[in-house]
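Protein chains: 2
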Amino acid sequence: MNTQATPRERLLDAAGELFYRDGVNIGVDALCKAAGVSKKSMYQLFRSKDELIAESLANVGPAYQQTLEPGVEDGDTPRERILAVFRNLDRATAGQEFQGCPFVSTALELKNPEHPGSVVARHFKQRLTDFFLGELVAAGADDPEGMAIQLTMAFDGASARAVVRAQALGGVGIRMAETLLDAAGVRAPELAGQAR
Amino acid sequence: MNTQATPRERLLDAAGELFYRDGVNIGVDALCKAAGVSKKSMYQLFRSKDELIAESLANVGPAYQQTLEPGVEDGDTPRERILAVFRNLDRATAGQEFQGCPFVSTALELKNPEHPGSVVARHFKQRLTDFFLGELVAAGADDPEGMAIQLTMAFDGASARAVVRAQALGGVGIRMAETLLDAAGVRAPELAGQAR
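Protein chains in written order, with the working numbering: chain D, 1 to 196; chain R, 1 to 196.
Heads up, some of the hints might be wrong.
Repeated chains share a single entry, so a pair holds when one copy, or any two copies, can fit it.
Taking lysine-lysine and the BS3-like style, the derived pairs with C-alpha atoms no more than 30 Å apart in a straight line are [what the hints assert, rightly or not]:
| no. | residue 1 | residue 2 |
| --- | --- | --- |
| 1 | Lys33 | Lys49 |
| 2 | Lys39 | Lys49 |
| 3 | Lys111 | Lys49 |
| 4 | Lys33 | Lys111 |
If you are wondering where the hints come from, they were derived from the structure by calculation, not from laboratory data.
Please work from the sequences and hints to get the whole structure.
Structure follows, in C-alpha cells:
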C-alpha cells in the first residue's frame, strides 16, 4: 500500500485491484481493509459502492489501455500497430493474474447497462475500437468501421478464451487479427504489392 | 415454477435462471426462495453452493447449445451450418434477457479455473469448438483446428460486445464469421468455384 497516497487514492487503487481479481461483488469491508480506510471515510469519499466501482474502473482504464498500446519496437505501419495490441494481449494472458478484459468483466458481472460502471466499460471499449479505426483508415482498409468492430470482438473473444481455458493464448489471438487484417486488405509487407 | 418437478429439479432450474440473470454471487436464500425449497433441503441435495453452480450450468448447457444449433431451414452446407450459429446468436442478443454466453460469464465471474463451474464452462466451450471443427473438416477448410478456435473467439467476442453495448448485434457477428470462413476457403456458393 502506498502510504503517501490519500485515502481516496488508496481506495481507488485497492478497488481497481480487488474488483479485477475477485469481482465487483467483493464486500466493502474487504475493500476498506485493503485500502486502510474506514468504512465511514469511504462513504464520505464515495456516495456508494456503485460509484466506487465506476470511478475505480475509470481510474485503471487508461493504465490498462496503455499496456496494450504499440511501443516503439512494434513498427510503425498500421498493421504492425494493430497486431501489437494482440501481441500485448497474448503476453498478458501468460500472467497468473490475467482475468480477462476488465471492461468486459465489469459489464458482464454488473448485468445492468445503466450502472455507472457499465457506462465506463462501454466508453473504454469504444476507445479500443476507435484506435483500430484510426489505424485502418490510415491503411486504406476496406470497410474500416466494420473491421474495427471485428478486431474489437477478436480482442474480447481472445481474452475470454484465455480465462475460460486458464491458459496463455499462445498466438491464436494474433493469428485471428492477421486473418482479419488480410481480409481487409491490410497486408504484411511481403504481400503488400497485391494488397490494393 | 413447475410444481410437478422435484425439489432438486426446481433448484437446478431456479439456479440456472438466477445465476445467468443476476450472477453466481446471488445468495442461497434468494435461490431457495425462487425454487420453493428450504435451505436445509438444498444442502441435503447439493454439498455446497459451488456444486449447485456447476450442476445448474451443466443442466442448462445442452439447452443453451441447442438454441445455437442449425435447424432444417439453415441449409446443409458446412458454411451455412456454421453461420446459423452466428445467426442464432444475433437473434438472441436482441432479447432483453441476453447476458452473454453463460459459460464465459460463469468462468469470468468465478475467476477460479479449478472451480467445478469453470470446469463445466470449459467443457461446453470445447463442444462449440468441436462443432465448428467438424463442419470445417467436412468443408475441406484450410487449417480447420485454428479456424475452429477463431470462430469460437468470434462467437465469444460478439457475445461480449452485445452485453457491453447493451444492443443487439445487428449482424456484425455474422459478418465476422463470414470473413473468417472466406479466409479459410469455405466460400459462399457463388464463390465456390474459386474456393479450392
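Now for the hints, and whether the structure bears them out:
| no. | hint | verdict |
| --- | --- | --- |
| 1 | Lys33 <-> Lys49 | both (15 Å within a copy, 26 Å between copies) |
| 2 | Lys39 <-> Lys49 | both (11 Å within a copy, 29 Å between copies) |
| 3 | Lys111 <-> Lys49 | both (16 Å within a copy, 21 Å between copies) |
| 4 | Lys33 <-> Lys111 | both (27 Å within a copy, 21 Å between copies) |
In this structure, every one of the numbered hints holds.
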